[in-house]
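A.B. asks: Sequence:
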Amino acid sequence: MPKTADFTKKIYVALIFIFLYAPIATLIVLSFNASKTRAKWGGFTMQWYVSLMQDETILDALGTTLLIALLSAFIAAIIGTVACIAMSGMKKKTRAVFMGVTNIPMLNADIVTGISLMLLFISLGLRFGFGTILLSHITFNIPYVILSVYPRMKQLNPSVYEAALDLGASPLTAFFRVTLPDLMPGILSGFLMAFTMSLDDFIITHFTKGSGINTLSTKIYTELRKGIKPEMYALSTIIFVTVLVLLILVNITPDKASKEKKNL
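1 is the number of the first residue of the sequence shown in our numbering; add one for each residue after it.
Each hint should be verified, as a subset may be incorrect.
Below 25 Å or equal to it, Euclidean Cα-Cα: the simulated DSS-like pairs (lysine-lysine) are [said to hold, decoys possible]:
hint: 1; residue 1: 226; residue 2: 40
hint: 2; residue 1: 36; residue 2: 154
hint: 3; residue 1: 93; residue 2: 154
hint: 4; residue 1: 91; residue 2: 219
hint: 5; residue 1: 36; residue 2: 92
hint: 6; residue 1: 219; residue 2: 229
hint: 7; residue 1: 91; residue 2: 10
hint: 8; residue 1: 92; residue 2: 226
hint: 9; residue 1: 229; residue 2: 40
Simulated restraints on C-beta separations [unchecked claim]:
hint: 10; residue 1: 66; residue 2: 92; range: 58 to 64 Å
hint: 11; residue 1: 176; residue 2: 247; range: 25 to 31 Å
hint: 12; residue 1: 167; residue 2: 247; range: 17 to 23 Å
hint: 13; residue 1: 135; residue 2: 45; range: 56 to 62 Å
Rather than coming from a laboratory, the hints here were simulated on the basis of the structure. Keep in mind that this is a model prediction, so the values were computed, not measured. Where is the CB? At the ideal position from N, CA and C, for every residue including glycine.
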């Protein structure tokens, strides 16, 4: 009976993985298919990747996507870290309220966030474009940074910071020499998570972008409306692999930091 139960569990897990990753595997295979039709295999080719790299509109969208992702993740990492430091000095009830507020953007539907930000920018008279996309991405990235940094903040030993002050260090020096290095694994994880979320976002970007500017996600959507081209398979494969690598880094970084701390 136990063997049958174990076998059933394995089948169940296998089916979950098949339903989750079979479509992605199909997409990756088609990106190397020499035939333009999805019905038959025409041989292995890299021509769709070559064509993709020669498409200036795609390259412009890629550059915009990476720039927005890097800037929004960097700014969100700074704001999120400062917010965690501020919340660590609050009373328990006040801190719980602030944590609840910061979690709302993560729990809220993307379409609601996108429409809300669009209406806010319209009411402020802002011109839609690169700036509005950047502000939107910073907004929804901050909670992910807080989620990564705050648990690390709770693990800090306040006596170490106080000892640095007793030894003559200024509060600013003690923060950068003592507190910040301990927070860095959490900050780096938050940065990578924010970068990944920004890279992958479509709905909020769609509502807050102006004409003449595209990220990869909105560019793919525009191209798909005209008809699926093999270059889109190649582009989707690149995005998937990039996001997968970043997620692996997000999960590996805290583990490495904790192991190094234990070895010390």
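A.B. asks: CA of residue 36 to CA of residue 92, is that 25 Å or under?
C.D. replies: Since the Cα atoms of residue 36 and residue 92 sit roughly 60 Å apart, the hinted pair is violated (cutoff 25 Å).
A.B. asks: Given the hinted pair residue 91 and residue 10, is their alpha-carbon gap at most 25 Å?
C.D. replies: The hint is violated at about 47 Å.
A.B. asks: Under the criterion that the straight-line Cα-Cα distance not exceed 25 Å, is the pair residue 93, residue 154 satisfied?
C.D. replies: 16 Å, holds
A.B. asks: Sort out whether residue 229 lies within 25 Å of residue 219, counting only the CA atoms.
C.D. replies: 13 Å, holds
A.B. asks: Indicate whether the distance between the beta carbons of residue 176 and residue 247 respects the range 25 to 31 Å.
C.D. replies: For residue 247 against residue 176, whose Cβ atoms are near 29 Å apart, the range 25 to 31 Å holds.
A.B. asks: Are residue 92 and residue 226 close enough, with their CA atoms no more than 25 Å apart?
C.D. replies: 54 Å, violated
A.B. asks: Taking 56 to 62 Å as the hint, is the beta-carbon distance of residue 135 and residue 45 inside that range?
C.D. replies: 41 Å, violated
A.B. asks: If you draw a straight line from the CA of residue 36 to the CA of residue 154, is it 25 Å or shorter?
C.D. replies: The hint is violated at about 54 Å.
A.B. asks: Are the Cα positions of residue 226 and residue 40 separated by 25 Å at most?
C.D. replies: This hinted pair holds, its Cα atoms lying about 22 Å apart.
A.B. asks: Given the hint that residue 229 pairs with residue 40, does the C-alpha gap stay at or below 25 Å?
C.D. replies: 15 Å, holds
A.B. asks: Is it true that residue 167 and residue 247 lie within 17 to 23 Å of each other by Cβ?
C.D. replies: Cβ of residue 167 to Cβ of residue 247: about 40 Å, so the range 17 to 23 Å is violated.
A.B. asks: Range first: 58 to 64 Å. Now tell me if the beta carbons of residue 66 and residue 92 are that far apart.
C.D. replies: Roughly 40 Å apart at Cβ, these two residues miss the hinted range, so it is violated.
Of the hints listed earlier, those the structure fails to meet are numbers 2, 4, 5, 7, 8, 10, 12 and 13, in rising order.
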